[in-house]
Each structure stands twice: as C-alpha cells, then as structure tokens.
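Trainee: Here are the chains, one letter per residue:
Number of protein chains: 2
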Amino acid sequence: MSSTEYQVDRRELQFVINESLEAGKLCELPDFSEFDEEIFSMIINEASTFSEQVLAPLNENGDRQGCRIADGSVVTPDGFADAWKQLGEGGWLSMNMPVEYGGQGLPEVISIIGKETQMAANQGFTIGASLTSGAANLIYTFGSEEQKIEFCQKMFSGEWSGSMCLTEPQAGSAVGDVTTSATRQEDGHYLIKGTKQFITNGDHDMADNIIHLLLARTSDAPAGTKGISLFIVPKIRKDGSPNDVKVLSLEHKMGINGSPTCLLSFGDNADCHGYLLKAENLGMAQMFQLMNEARLLVGLQGLAGAGAAVQNAWAYAKERTQGSSAVNPGEKAAIVEFPDVRRMLMQMKAVTEGLRALMYTTAWYSDMAHHGPEDSREKYQDLLDLHIPVCKAFGTDQGFDVARIGIQVLGGVGFTQDFPLEQNARDQKIASIYEGTNGIQALDLVGRKFSTKKGQLLKVLENELGWFDQHTPSGELAGWVAEWENYRALIQESINNLKNIGETQGKDGYILYAVNMLDLLGDVLCCFYLLKQAQTAQTKWETLLAGVASEEQLLEENEEAQFYWNKLRTTEFYVWSILPRALSNAKTIKNANLAPLKACL
Amino acid sequence: MSSTEYQVDRRELQFVINESLEAGKLCELPDFSEFDEEIFSMIINEASTFSEQVLAPLNENGDRQGCRIADGSVVTPDGFADAWKQLGEGGWLSMNMPVEYGGQGLPEVISIIGKETQMAANQGFTIGASLTSGAANLIYTFGSEEQKIEFCQKMFSGEWSGSMCLTEPQAGSAVGDVTTSATRQEDGHYLIKGTKQFITNGDHDMADNIIHLLLARTSDAPAGTKGISLFIVPKIRKDGSPNDVKVLSLEHKMGINGSPTCLLSFGDNADCHGYLLKAENLGMAQMFQLMNEARLLVGLQGLAGAGAAVQNAWAYAKERTQGSSAVNPGEKAAIVEFPDVRRMLMQMKAVTEGLRALMYTTAWYSDMAHHGPEDSREKYQDLLDLHIPVCKAFGTDQGFDVARIGIQVLGGVGFTQDFPLEQNARDQKIASIYEGTNGIQALDLVGRKFSTKKGQLLKVLENELGWFDQHTPSGELAGWVAEWENYRALIQESINNLKNIGETQGKDGYILYAVNMLDLLGDVLCCFYLLKQAQTAQTKWETLLAGVASEEQLLEENEEAQFYWNKLRTTEFYVWSILPRALSNAKTIKNANLAPLKACL
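These protein sequence lines are chains A and B, in that order. Everything in the first sequence is counted per our numbering, starting at 1 for the first residue and increasing by one. Everything in the second sequence is counted per our numbering, starting at 1 for the first residue and increasing by one.
Here chain A stands alone, though its shape is the one from the complex (with noise of 0.2 Å):
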C-alpha cells in the first residue's frame, strides 16, 4: 500500500468476486457460458493493473491543471487523450455491453471491477467514462437498427463518446420542467434548440465525436415529465459537418477537475439536428429504464473514493512516527499504535468493506435479474430495484465521511496537496448530489420502491434477510447475527412508524424523514453482506487454523490467514461499533418531530 498513490486491493477484490459471491456460478447461466472464475481473476489483475499504471499516475495534475476551453473546444488534462484511447482499446467501456457491437458481455458484478477501481485512481478522468456507457446502453436498447450500427460499436470502443445532457438551468432535480425544443422535419430529423447545464465531459478533445442523448420538447407535446422525448444529438454528423452545439462555459467546481463540466447550447444558429429515439415523449420512461446502472455506478463513486482513502490512510498510518512506542520501546511509534488512529481506520475499512459487500451484490442481483432463470427474475428485480436509491445515496455519503476521516488520520499533512486525500474528498463530493440528490433517492426508496406492487419488495427483502435461518452461524459469528437482528427488526419497525406519520400528517410527515429511513436501511444491509462474508472467512479461517499450534502463530507467518483474520474483525466493529447509528435514525423516525414543516421561512 502507498499513502501518495493508489494501489487496489486485489486480495479483497478476489474475495468478493469469486469467494463470497462465487461469480464463478453466473457462468452455469447460459448468457454466461463463454467465462469462468479463472477469466474473472484475470480480469482482477488487469484492471488494477490499467487503473494503477495508467489511470492513477494523471489524477493530480488531472485536478490541477484541469480543463480549459481554447477556439471554442474544450482542452482536457494532460494524458487524458492517450488513457481515454487505452480506455477504449482495453475494452474497459464495453464490458457488460453485448458482444454483437463489439461489447464483452461479461456479468456486471465483473463489470464493476473496472469501474471500482479506474474511479479510485482517478474520480476526474472516469466519470466521463460512466457517461458514455450509459448513453451507448441507451441507443442499444431504444435505438433502431440503424442508429444502433451507426452509433453502438464506435460508443463501446471509445472511438466516440457520450453525454447526458437533462439538467437545464431552471430544470435539475425537477426533470419536467424542461423546456428544450425539438422541431420536427419533413425528412424526419428534429431542429433542437435550448440550453443544458451541467453536462459532464459535453465537450472534450479525447474522442472523435461527441454522442449527446438530449431530454427535449416536441411541439405538442403534453406538459410536465409526460411530454418529454429522447433525442440523439451527435457533435458531428453523419456527412461530417459539425452540428449546431456550442461550449458556452466550464463549471468551477470543488472537485473532479479533470472533468470537463460544460454549459451547452444547442442550436445557435438554427441548425441543430437530433434524431429521435423510439417515438415522442417516452423520454421520461427510457431515462427511468436505465437508471439503475447510473446510480450504482456512482454510488461506486463513493465506495471507489472510500476505498482509495483507506489505502492511503492505512499505509500512511504505519509510516508515520510519532512520540514514543509502547510495543518497541526506546523506538518511535508508528502512529498506527495509537488506539484512536485505528479506530479511525477501523471505521474507514469496515464502512468501505460493507459498502463493497453491498454493491457488489447488488450488481449480482442485477446480472441475476437479467440473466438468470426466469422464474427467479423477479425477485431479483424486486431486491435490484430497492438496493439501488441505497448503493447511491448511502454509497455517497459514507464514501465521503471515509474519505473525510482519511484526512483526519493524516493530520496536518492530510490538508495539504501532497497527499491524495484532500482532492478524493473534493472529487466525492458531486457524488450526492448528481444523478438524483441522495433526498430524491431516499423519495425513491420510500415513496415508490416501499409501496411498488403492493410493498412486494420489501417482502423480497425480508426473506432475503432471513438467510441465518437455513445459515446458522456458529462461534463468535452466532452472536454477531443474533445482535444484527435486533437491528433487521428495527426495518420493518421504522417503516410502521413512517406509515403512521402519513396517516396523522400526511405526505409531508411521511417524507420528512426519509433519509433516515434510507441510512438505517443502508447501515443493516451493510452489515448483513459483512456477516454473509464473515461467514465464509471463519470457515476458511477455521481450515488454516486446524493445522497450526495457535492463532499467534498462524497469524504471524500466513498472510492468507491474516485477511480473513482482519475480515472477521471488520465485520464485528461494524455489529458492535457502527450499527448503532440505526438506533439514531430508527428512533428519529419514531419521534416523527414536524418542527421543520412548522418554522418561519
């Protein structure tokens, strides 16, 4: 580990992938079929290998120097080109994309692998990455067959890239107030005009052409979210003349400076082409599709961040000397001795393991829900659909306080630029907000996914959590669970109390503390994955120990032995040290105080 530069956890990774979820099973699925566990360790290895070497290396100066416009185009950072073209080689844009466009189609819980670790190398450089997956992911699943084999292939290669482009200035969290013309033509193009705010890497010099998937207004069209519709807006068309999109500014943001934040303006001069995607004023509906993927790929943003904080915090912690040791006297102490500096670390590496547990087993559910036998589909849908507002705003925001904490561990040092943490924590921050503020996620969560189908979901979910029944733990694991409970109780208890508070006042009360609602959902679940892991660590733990004289022993000289060692002491800090934040937020949501629907503005 290095406390300047980032260097994956392979070793946690491996676990995750192919010990704890056994990723190696997806491959008896038939859409699977081509791969194996062995393929799925190497591609371990590669993408730390690409995100260590070629990704890491740019970060600083990414933020540094950031982007500039220069002749009405934007410059990006130094050596952004050159990564972005080895993005594209090295198939780390297409990996879960179909195999007809040149995709891998390998699972998504492979998938994020990439996107984990490229994001904890450089938040700045592979946010723009994410974009452009998801505007290809669009025009293959509503495009024609025609749009599909002018766009998708180049897309997946990174020969083009994409962006999203929602937000207006006096539209952001309310989508429906958008107000972007879409004219129709007689040869059925549309003439697009309007302004988009906020659009991540809307212009840059690293791909040939810009793919830009535009939320417009027809003529027409009915008002609010219905009456919106999905159009694709290239930088240059077809013929190669240059569409009527103009850079009118960058962003100066906190954080992700390698990111290009751009205010478009489409149609200037009368002459912006977009090609509609489907039929008019399904816009709404194709967003919503596929914004699952775009919400767990940054609440990633947050587990990338936090993971790369306490790689950093923890190597720094062992090379830093302060006053006086108490294991090695008459040496300096590494600061790592100091009880408070491992508890530091203690939360920052149980909150980024739970956080990992979580979301890559939400991108299980995803490949299972897509993939799997059809008559398990949906409850894999159902357990995708209610982790997703979780992964995203619990994602984000522990990520923050991770890498926040980072800081602290570092001390004076953690304030300056010479250390990593400082710019992690910058470039996290955006993470709560873009994609849905972490307030509309917790809406999502208890405003639509609690009462979908009936409250369907949360059935799901029960019974999932019931996995220790047909599980049982033994040795120090059984009292783990039997502690976890009394917080899983603690679900159902709060979602009473939320439903009592919309009966007395409603919407407004029920609403009111939702994010807490969300946060002691994100603390269980959490925990819940670490337990499902720790559990595989004791028994693995248990084997290595069978054939040594004493745990001191084993834990001195094997490595092997010391991960699930430090697996297990994870999982019982988050049980006993950080689970008790539900009992914050549970008994917030039962006093169900109205005081804010009540002040003076």
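These aren't lab readings, by the way, just hints derived from the structure by calculation. Keep in mind that a hint or two might mislead.
One copy or two, it doesn't matter: identical chains are merged, so the pair holds either way.
[As the list claims (entries may be wrong)] The list that follows gives simulated cross-link-like pairs (lysine-lysine, BS3-like), each with its CA atoms no further than 27 Å apart: (1) 148 / 235; (2) 590 / 193; (3) 278 / 507; (4) 499 / 453; (5) 590 / 332.
Given chain A's structure and the hints, the job is docking chain B onto it.
Mentor: Same frame as chain A, now just chain B:
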C-alpha cells in the same frame, strides 16, 4: 440574507448575548464596571458591519488568488494588508486584552462576537488574527515588564503580528519531540536553530514586524515535554536589523488559502536571536495555560463556518425555484417548500444555534472564572476546562458537517465556486486538525478532565445540568426537558462504561471510544443550552401572544414573534431529531468492541 454573501444574524447574537446570557449583568463585576448592555449591543452592530463590509468582500479572492513568495517574502491576497490595518485600528485584535497596553478589557463573551463574525466572513484572513492575539497574550502573561512594553501595545494594535511556532516536520501531536535548539549567549539572548512547519501567517506583508513565539530546547534540557522553553523571536530585531528567519516554502492546501502556511527556517546563518520568556523549561506549561482560549477560537471557526453556511443555504432555498408549488398553485415552488430541504435547513440551524449556545456560554464561564466573585471562580474554571475540548472538537466536526449539508441544499451549484459553500467546507476542514487534533481533544476530555481533582469537574457539571430542577419548565418545554433528561443520564452511564472497559482492558480500551464520549457530551450540552435559551424565548413568545387573537396572526405580522417561535422550533428539533445521535454513541461505548486493537496491520 444572501445566498452568495455573508450576513450576520444580528438578531440571534442580540438574543444570545443580552437576552439569554444576560451579559449586561457581567458589568456588575468590578473588572467590567465601565461597560453596559448598550455598549454590547453597539459592538454586535459594529462587528457585524466590519465583517460584512471589510472582510467578506475579500473572502472569495483570498481563496482564488492565495498567497505566494516573492523575493523571499510572502505576498498575501489583494486587500488583505489594508483589511489588517483596519482590523488593528478598529481594536478588533485586542477586545479582551488588558487596558494598560491599549486593549479594551472587554469580557470574553463579547470579544468572541468579533471573532465569530470575522471568521464567518473570511476564515483565511481571520485565522492569522487569532494567532496574533494568542502570541500577544503569551507575552503579556509571562513576559518581563520590558518585554511587555516592547511588544504588547504594538501587537494589540496590529502594527506587529504574531505567530506560534510549535510543529516541526517530525514533531506534530508529539510536541515533546521538538528538536529546535536554543543556545544561551553571554549577553542573555539565545541563538535559535531549527525548522518549523505549518506556521500559520509565519510570514506575510500585512504588518511591520512578525513576532514568533517559538518552542525550542536549550542545551542540557531534560528530554520530552519537560525540556521545552518558549522564546520570543522577532522577524526584525529592536535595532531594525533583520533576524535570521527564512521562509522556505508555503503549503498548498485544501482551503484557508488566504492564510500563508509557512515552512520556516531559523538560524540558517547562525544568527537568529531569541529571547526567553520567563525561565527555561516552562514552555509546555506556558503553552497549556493559554490553550483554553486558543481552542475555543478554533471551535469558533466551526461555529462561524456553520453560521455562514446556514445563512447562505437558507437564502438559496427561498430564492431557488424548482417544480410546482403545492402552497401557491400555478406558481413554481421555492425549494424551501420541500420537506427534505426543510429538514436539512433545520438540521443546519439547530446544530449551529446549539454550538453557539455552547460556545458563548463557555466564554461566559471564562469571564466568571477570571473576573467573577472569588468564591465561584473555581467552579467556573472547572466548567470551562471541561467544556473546552468539546467546543473545539465537537464544534469543528459539526461545523464541517453543517457546511457539507449546505452544499447539499444548493445541489449542483453548491459544488461550484459560484457560491461560497464549497470554499466554506474546504476552509473549515483544517479546524478538526490544528490546535490539537479532535482525537487529542477526546483524550484530553476522558484522560485528563474527567479525572482532574478526583472527578470534581464532572460533579460540577452534574450540578450545573440540574438547572431545570430549580427552573421548572412549562408548556411544550416540559416534555422536551423530560426527554433531554433521558440523554443526560447517558453521560454518567457512559462514563461508568468507559471506566469498566479501562478496568478490564487497560488504558487502550478506556480511550478507544473517547471520541464517542466527547460527541455524546457535545450533543447533550448543546441541547441543554438550547433548552435554556428556549425557556427565555418561551416567556417572550407568551408575552407577545397575550395581546393577540391567534398564533397565526402573531406569526404573520410580528418579526420578533417569528424569531422566538423559530428558536422554540429549533430547540424542539434538536431534542427529537438530533439528540438521538447520543444513543448511538452510548451504545457504541457500552459495546466496547476491541476489534481495532486486534486487527492485523
């Protein structure tokens, strides 16, 4: 209020100072007999005007332009030197300093009005001012008559500034590891040699001279903290010749870019003169004696940042529209209508006002400890000593969190540099680290303060928290106080739990969850002082209500009534929606999990 500029909440300061703390009564004490409540009100207004009109306009450029070294000296951002002159001439550097050297001798609780508003307007600028006050205070307290005459007046007036030179590259939290040497010369002065790191305002162009207060080790000094002495090391000597002090470099930081953080080299040419303060080997004791004030000022940085954030976010939420209004059909909704936004604003407001109640009360304790009736001074000193680490650590952690929520209220624009929230968060982050990290504060609390004088400080606190036994709450307040009492009981319960861990697991176990203990105490104290404020507000509210037909009518037409109403709502929210955090901390302490001590490194 403004979403882009800082405006002081004058009404709140008037309430805290004159209505709740009744600071006017301090004027019955001999040391403050020349003041009265009217003067205090004037100071609130003047401090507000100075901060808003002189310091706030320099805040953004201070961050963007930053500091640089030119010709071996530090150049500060445009306008800073002139603002410094006005700060000195306005008497803001010496509000609580003794009159004999040009100070104003005001109570601490009045002095911090200046500090809070200046810090809120411009953290980068104001931090240096705190250090000048601190250095001058050290000389006033421990200097010879000659030294006081030479330095105090000029430092009180800002003609000269001060710096505190403690940290060295290898000696941060472990101050005892300082290796800078001081060699006594025949004529009484010392030759200083060494390197000092992270020196706030260690060089700049705002004052005619810089007086460094520097920790160094004399020849044959005992090892560790017992062998450290404190020296006055001026940048320019009495005879006008430059002393041998060099700026080697400036730190590149996450925030407070308006404040130069210097790496200083003393005695490169073996000609750096230092003048001993009082006697050798007293350095640590001298520093500690004045630590209370310094730590309260750092806590104020958290409060100030929080105060600015809540003003900006509240204003933005009222001006920003999004979606359709439920309150005014047919119109767009101001986002303040949305429950989740209201919840965030209320969280910001309640925490900020809780911190303000805590810190101004703590300053009032300081006044009573130093200037109150002889027979009560020890009691107030005990309360002061117990409150200081809470003000510093809880204040800065919570202040940062309030700024974080502020960014979230703004959404996308909160992440941009078009609004001051992101800079606010970046500037604040240092406050949890310097002047003793927040982890060190927690150790100070549970390791020193809890056991000082056989636990007397805790007994004094317990007695103080019995306030409502003598001042029976009525109406809605009665239920809030009853609920708060449950949490008050958690203090002693948690202390007992900590002690139990200590007895079975030793010191490392005892201090492992010190931070949770401090946070628990922080919430219970903030809520306590808010409840006391609420009792005052309730009386005023009821008086106003007496002459009016209904609550609604009163709230519609009377701004004073709105203020008291909101103070009650803020308190209510703290009790039911924030205080539950203490449950989480209490449970974590009770669980006493030792995984952090057991994990492999």
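Trainee: Does each hint hold? Answer for all of them.
Mentor: Against the structure, the hints come out as follows:
Taking CA atoms no more than 27 Å apart as the test, residue 148 paired with residue 235 passes inside one copy only; the shortest distance there is 17 Å, against 71 Å between copies. Within a single copy, residue 590 and residue 193 get their C-alpha atoms no closer than 49 Å, and across copies no closer than 62 Å, so neither meets the 27 Å cut-off. Neither within a single protomer nor between protomers do residue 278 and residue 507 lie at most 27 Å apart by alpha-carbon distance, with minima of 36 Å and 68 Å respectively. Within a single copy, residue 499 and residue 453 get their C-alpha atoms as close as 17 Å, which meets the 27 Å cut-off; across copies the closest is 51 Å, which misses it.
Proximity of residue 590 to residue 332 under the C-alpha cut-off of 27 Å is found in neither arrangement, the shortest distances being 50 Å within a copy and 32 Å between copies.
When held up to the earlier numbered hints, the structure conflicts with 2, 3, 5 and fits the remainder.
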